[in-house]
Amino acid sequence: MSDWPLWEVFVRSKGGMAHRHVGSVHAPDPRIALRHARDTYTRRMEGVSLWVVPSASIVASDPGDDEAMFDPAADKVYRHPTFYDIPEGITHI
Amino acid sequence: MYTTELGKTRNVASTEDAEKLAAFEARVAADEFIEPKDWMPEAYRRTLTRQISQHAHSEIVGMLPEGNWIGRAPSLRRKAILLAKVQDEAGHGLYLYSAAETLGTSREEMIEALHSGKAKYSTIFNYPTLTWADIGAIGWLVDGAAIMNQVPLQRTSYGPYARAMVRVCKEESFHQRQGYEICMAMMAGSDDQRRMMQDAFNRWWWPSLMMFGPPDDNSPNTAQSMRWRIKRETNDELRQKFVDITVPQAEAIGLTVPDPALAWNEEKGGYDFGEIDWEEFYAVVRGEGPVARERITARRKAWEDGAWVRDAAAAHARKRSRKQEAA
Numbered sequence: 000m001s002d003w004p005l006w007e008v009f010v011r012s013k014g015g016m017a018h019r020h021v022g023s024v025h026a027p028d029p030r031i032a033l034r035h036a037r038d039t040y041t042r043r044m045e046g047v048s049l050w051v052v053p054s055a056s057i058v059a060s061d062p063g064d065d066e067a068m069f070d071p072a073a074d075k076v077y078r079h080p081t082f083y084d085i086p087e088g089i090t091h092i
Numbered sequence: 000m001y002t003t004e005l006g007k008t009r010n011v012a013s014t015e016d017a018e019k020l021a022a023f024e025a026r027v028a029a030d031e032f033i034e035p036k037d038w039m040p041e042a043y044r045r046t047l048t049r050q051i052s053q054h055a056h057s058e059i060v061g062m063l064p065e066g067n068w069i070g071r072a073p074s075l076r077r078k079a080i081l082l083a084k085v086q087d088e089a090g091h092g093l094y095l096y097s098a099a100e101t102l103g104t105s106r107e108e109m110i111e112a113l114h115s116g117k118a119k120y121s122t123i124f125n126y127p128t129l130t131w132a133d134i135g136a137i138g139w140l141v142d143g144a145a146i147m148n149q150v151p152l153q154r155t156s157y158g159p160y161a162r163a164m165v166r167v168c169k170e171e172s173f174h175q176r177q178g179y180e181i182c183m184a185m186m187a188g189s190d191d192q193r194r195m196m197q198d199a200f201n202r203w204w205w206p207s208l209m210m211f212g213p214p215d216d217n218s219p220n221t222a223q224s225m226r227w228r229i230k231r232e233t234n235d236e237l238r239q240k241f242v243d244i245t246v247p248q249a250e251a252i253g254l255t256v257p258d259p260a261l262a263w264n265e266e267k268g269g270y271d272f273g274e275i276d277w278e279e280f281y282a283v284v285r286g287e288g289p290v291a292r293e294r295i296t297a298r299r300k301a302w303e304d305g306a307w308v309r310d311a312a313a314a315h316a317r318k319r320s321r322k323q324e325a326a
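The listed protein sequences derive, respectively, from chains G and A. Take the first sequence: its letters are residues 0 to 92, numbered as in numbering that gives the first Met the number 0. Take the second sequence: its letters are residues 0 to 326, numbered as in numbering that gives the first Met the number 0.
Because the hints were derived from the structure by calculation, they are not lab data. Hints should not be assumed to be uniformly reliable.
In silico DSS-like cross-links for lysine-lysine, where the CA-CA straight-line distance does not exceed 27 angstroms [stated by the list, open to error]:
1. A:K322 with A:K300
2. A:K36 with G:K13
3. G:K13 with A:K318
4. G:K75 with A:K78
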């Protein structure tokens, strides 16, 4: 017998926050995926909202491409506010 | 960057379920967040769609005045920084369009509304950037005013908008500091450079104060927007805060605020300042800003010139999916 499809589970911890990935569940359909996700990941009031997404729908970057994907940001420290020296005594900036 | 809520809302008599409406109002009053799939009154949806899309348009049009100086930045360092800043503005536009789309209006409809002149964007971007000093003034003042407006919006009632604002605010601090650094460098330079900086400051000061929108007594939507937590502080409150923190920053580097009426008011613990030229503000809102036509023409041209890229991407996607089907 083959496994039920895999679903990725996202939990919103409280109102206003974004959903965060917490893990996955197997389930035969979206409704049961939601129920399994509830039973598996929110037994201790971890959240106020759940999303389940078919794992097959996730497009992920290839770890082998990490350098090409993310290294270009490494030498752009000027994108951070701390790069700029503001003299003492000047506030709210 | 930022936009004020410029349109006027018609008060539409609600025929919606009074119970749902009451529950909604109670949730918002309790500082709960509303999410895309939650029930919401049509007027809330409409007002938010307009506000968020105007905000998005402002980010996108806001790239133009600064983009104007990327090729003429005075050093490689300044050029890399300005490029990064303008790139951020594009990103902010995208966060906001995505947030607006969750309310049911498509990206295409919003862009069409911008290009046809139907949608508004912040009046500030209809002023020209005449010298390099303007780039300093924009980062410091325009982004400073934007931060002042956007910080309270991180607690706005609509979840996707609030979360977009959190990201935007985090990135905005760099924008303001790089601008102020340019101003400091100019003011530490030659007499000509100081004159140039003062001139830019003179030209951007008043339009920056106008960014907070019309005065409270002429801002009919404020009460409703405050009640819905779409707005968290009034235009005049935010404007006063901006003046109070910006004046000392100007004085610290030797700039003179172009307002003879400016005076510290001990009693209120803030500055009194001169009358804003609201005629000018409303004229710019009507599209009579010095470079309003140029801005929209540039946007349309960018859109039209980019059509072949969109077409090519779509053709490529079609080709790949045909190949996959065949395999």
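inquiry  = With the threshold set at 27 angstroms, check whether the alpha-carbon distance from K322 of chain A to K300 of chain A stays at or below it.
reply    = violated (34 angstroms)
query = K13 of chain G and K318 of chain A: Cα distance at most 27 angstroms?
reply = violated (43 angstroms)
query = Is the straight-line distance between the alpha-carbon of K75 of chain G and that of K78 of chain A 27 angstroms or less?
reply = Holds - the C-alpha atoms of K78 of chain A and K75 of chain G are around 12 angstroms apart, at most 27 angstroms.
ask   = Are the Cα atoms of K36 of chain A and K13 of chain G separated by 27 angstroms or less?
value = Distance ~16 angstroms between K36 of chain A and K13 of chain G Cα, so the pair holds.
In this structure, the hints that do not hold are numbers 1, 3, in rising order.
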